[in-house]
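S.K.: Add chain B to chain A, keeping to what the hints say.
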Amino acid sequence: MVRKILLPFTSLKLTIVCFAFAMLLVFFGTIEQVHLGIYGAQKKYFDSFFVFWTIPGTIRHIPVLPGGYLLGGVTLLNLLAAQAVRFKFSWKKSGIYFLHLGVILLLLGQLFTSLFAKEAQMRLDEGQTKNYSESFTEKELVLTDTSDSKSDHVVSIPEGLLTSRAPITHPSLPFRVEVSQYFRNSTAVAKDQVSSPNIPRLEVGPMAVLVPIALATTSEQPNMPSAEVKIITPEQTQTFILSERLRSPKTFTVDGKTWHIDLRARRFYKPFSIKLNDFTHKIYAGTDIPKDFSSRVSISDPATGEKRDALIYMNHPLRYEGNTYYQLAFDNNDTTSILQVVRNPSWLLPYIACTLVGLGLLVQFSIHLVNFSRKRRTA
Amino acid sequence: MKKLALLLAVCLAGCEDREIKTYSIAKEMESAPQLPAPASIGMKPNWKTPAGWKELPPSGMRAASFTVENSKVDVSVVTFPGTAGGLLSNLNRWRGQMGLPALSAESDVVTTSVNGQPVQIVELTSTTEDKAMLGAIYLRDDQSWFLKLTGDKASVAAQKASFEALANSFEFQSNHKSTNDG
Numbered sequence: 013m014v015r016k017i018l019l020p021f022t023s024l025k026l027t028i029v030c031f032a033f034a035m036l037l038v039f040f041g042t043i044e045q046v047h048l049g050i051y052g053a054q055k056k057y058f059d060s061f062f063v064f065w066t067i068p069g070t071i072r073h074i075p076v077l078p079g080g081y082l083l084g085g086v087t088l089l090n091l092l093a094a095q096a097v098r099f100k101f102s103w104k105k106s107g108i109y110f111l112h113l114g115v116i117l118l119l120l121g122q123l124f125t126s127l128f129a130k131e132a133q134m135r136l137d138e139g140q141t142k143n144y145s146e147s148f149t150e151k152e153l154v155l156t157d158t159s160d161s162k163s164d165h166v167v168s169i170p171e172g173l174l175t176s177r178a179p180i181t182h183p184s185l186p187f188r189v190e191v192s193q194y195f196r197n198s199t200a201v202a203k204d205q206v207s208s209p210n211i212p213r214l215e216v217g218p219m220a221v222l223v224p225i226a227l228a229t230t231s232e233q234p235n236m237p238s239a240e241v242k243i244i245t246p247e248q249t250q251t252f253i254l255s256e257r258l259r260s261p262k263t264f265t266v267d268g269k270t271w272h273i274d275l276r277a278r279r280f281y282k283p284f285s286i287k288l289n290d291f292t293h294k295i296y297a298g299t300d301i302p303k304d305f306s307s308r309v310s311i312s313d314p315a316t317g318e319k320r321d322a323l324i325y326m327n328h329p330l331r332y333e334g335n336t337y338y339q340l341a342f343d344n345n346d347t348t349s350i351l352q353v354v355r356n357p358s359w360l361l362p363y364i365a366c367t368l369v370g371l372g373l374l375v376q377f378s379i380h381l382v383n384f385s386r387k388r389r390t391a
Numbered sequence: 037m038k039k040l041a042l043l044l045a046v047c048l049a050g051c052e053d054r055e056i057k058t059y060s061i062a063k064e065m066e067s068a069p070q071l072p073a074p075a076s077i078g079m080k081p082n083w084k085t086p087a088g089w090k091e092l093p094p095s096g097m098r099a100a101s102f103t104v105e106n107s108k109v110d111v112s113v114v115t116f117p118g119t120a121g122g123l124l125s126n127l128n129r130w131r132g133q134m135g136l137p138a139l140s141a142e143s144d145v146v147t148t149s150v151n152g153q154p155v156q157i158v159e160l161t162s163t164t165e166d167k168a169m170l171g172a173i174y175l176r177d178d179q180s181w182f183l184k185l186t187g188d189k190a191s192v193a194a195q196k197a198s199f200e201a202l203a204n205s206f207e208f209q210s211n212h213k214s215t216n217d218g
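Residue numbers (my numbering), protein chains in the order written: chain A, 13 to 391; chain B, 37 to 218.
Next comes chain A alone, as it looks inside the complex:
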């Protein structure tokens, strides 16, 4: 019964079709990065079941290619089914089993990575210390109770709750929060520049307004949300205009306690801090062609008492406490370094998978070589 269901999936033709589609997917997914950026292309081509194409001049989307999840899933099923149905252990084919096990691990590793890996960035000026990284795409409305003398108590409200416009309450908040306007991406323009009275806007000064604009497609120019937020207590309502673009945190008082309110990229705090001591950007003499970028950082972990320096450069990330810090970009005339922070619980899987594949190939070729030389000797 199981065999009967699995049989169609064991086809070698299916494998070839999957490989062919995978090549197309990698090709078009790479080209599309020009328009969508790495994150957008990754979402559209690889973290999806189908790749949709919009018929020009219409709003109709049609699937044109299987996406990464579908192709990976089918390939995995194909491989598992073939192993299950045709599995007969023999020493002659032991290399192939290793090889297939490696490929299965590689596919699973990619699935786990796309499900569980978290990517963020850490932007550090020279001499600056930070104990948090910031999301590339996610935003948060934070309300911070600053009344405690030792620590600040932060309530982080994710963007998903801000766009829904429903009143927000939480046991830690002695007031109700209402978001009356929310622009997922926005820009500041002069008042007289807004072309139509129907465009929603938020006033930020005598001459400027914030208006919504199209969502960002590249990580270099991320979305810059703006919002009108009301803090409501039975006694009073206070209204704030917040904008990540204008970096405009505000303060207010409820029941004698001072609160900060801010709209910003979502932060991920760590129990340790990283300080950027020096960023170096070397170019080839007489050209603008970059030769080498590196960040010299100090890690300090109050919990373990650890304090050490590390040098981060291309292909030489820093791994610490499950996070990997890569050199991503730089800014401000070479005085700001931007690190990419990746937390991927399954980062070891591809290494194990590749080792298995390599081992499998070695075993299989060695068996062939030995057999071949034996035959030659007897001939």
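Don't read these hints as lab results, they were simulated from the structure.
Predicted, not measured: the structure shown is a model, and the values here were computed from it.
Yeah, the Cβ is synthetic: ideal placement off N, Cα and C, and Gly gets one too.
One or more of the hints may lead you astray.
Unchecked claim - Partner residues are not named here, just some residues of chain A that face chain B (Cβ under 10 Å, in silico):
1. 165
2. 167
3. 168
4. 176
5. 184
6. 311
M.R.: Same frame as chain A, now just chain B:
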């Protein structure tokens, strides 16, 4: 497998996106890092603050402000994406604030050069009230930068040399670069 992956993905995305989180952080860590100037609204130029002037951090629409010792002038640096309505309309807005008639053509505006890049530096004096303005407009990398000094006529005249030194020290860097390009 597919269904399981989809289910997991939907659940993870869904749960993450709608959950309010609370945490505590040490006080000094939060207040210590100096926010960089609003780099996201265009690369902040470098400038030399004149002697006796003090630069204040960004606030609201302002990328920077300056206070001047023993003087009541107000100095601001404001930036907008694009041409912010065009050179002429911005100049005429300033002229309007000083009670001066609008110019009709951009050719009436004098363009000079700072560090090899064009800039418009203007001096506007009100004919009806005791107020004057010094302004400079820079358009770089599709971003407009406005440097403006206002105050009574005597204070503005006293700070003119410092203002011009500041306006002439504006130096724009090329845009944000990625080390992943090569």
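S.K.: Does residue 176 of chain A pass the interface check with chain B, least Cβ-Cβ distance below 10 Å?
M.R.: Check passed: Cβ of residue 176 of chain A comes within 8 Å of chain B, closer than 10 Å.
S.K.: Minimum Cβ distance from residue 168 of chain A to chain B below 10 Å?
M.R.: holds (5 Å)
S.K.: Was the hint right that residue 165 of chain A lines chain B, CB cutoff 10 Å?
M.R.: Interface hint status for residue 165 of chain A: holds (5 Å vs cutoff 10 Å).
S.K.: Please verify that hint: residue 311 of chain A, Cβ, nearest Cβ of chain B, below 10 Å or not.
M.R.: With Cβ-Cβ at 15 Å, over 10 Å, it is violated.
S.K.: How about residue 184 of chain A: closest beta carbon in chain B under 10 Å, or not?
M.R.: Hint on residue 184 of chain A: holds, closest Cβ of chain B at ~5 Å, below 10 Å.
S.K.: Using Cβ atoms only, decide whether residue 167 of chain A comes closer than 10 Å to chain B, and label the hint accordingly.
M.R.: holds (5 Å)
Of the numbered hints stated above, the single one contradicted by the structure is hint 6.
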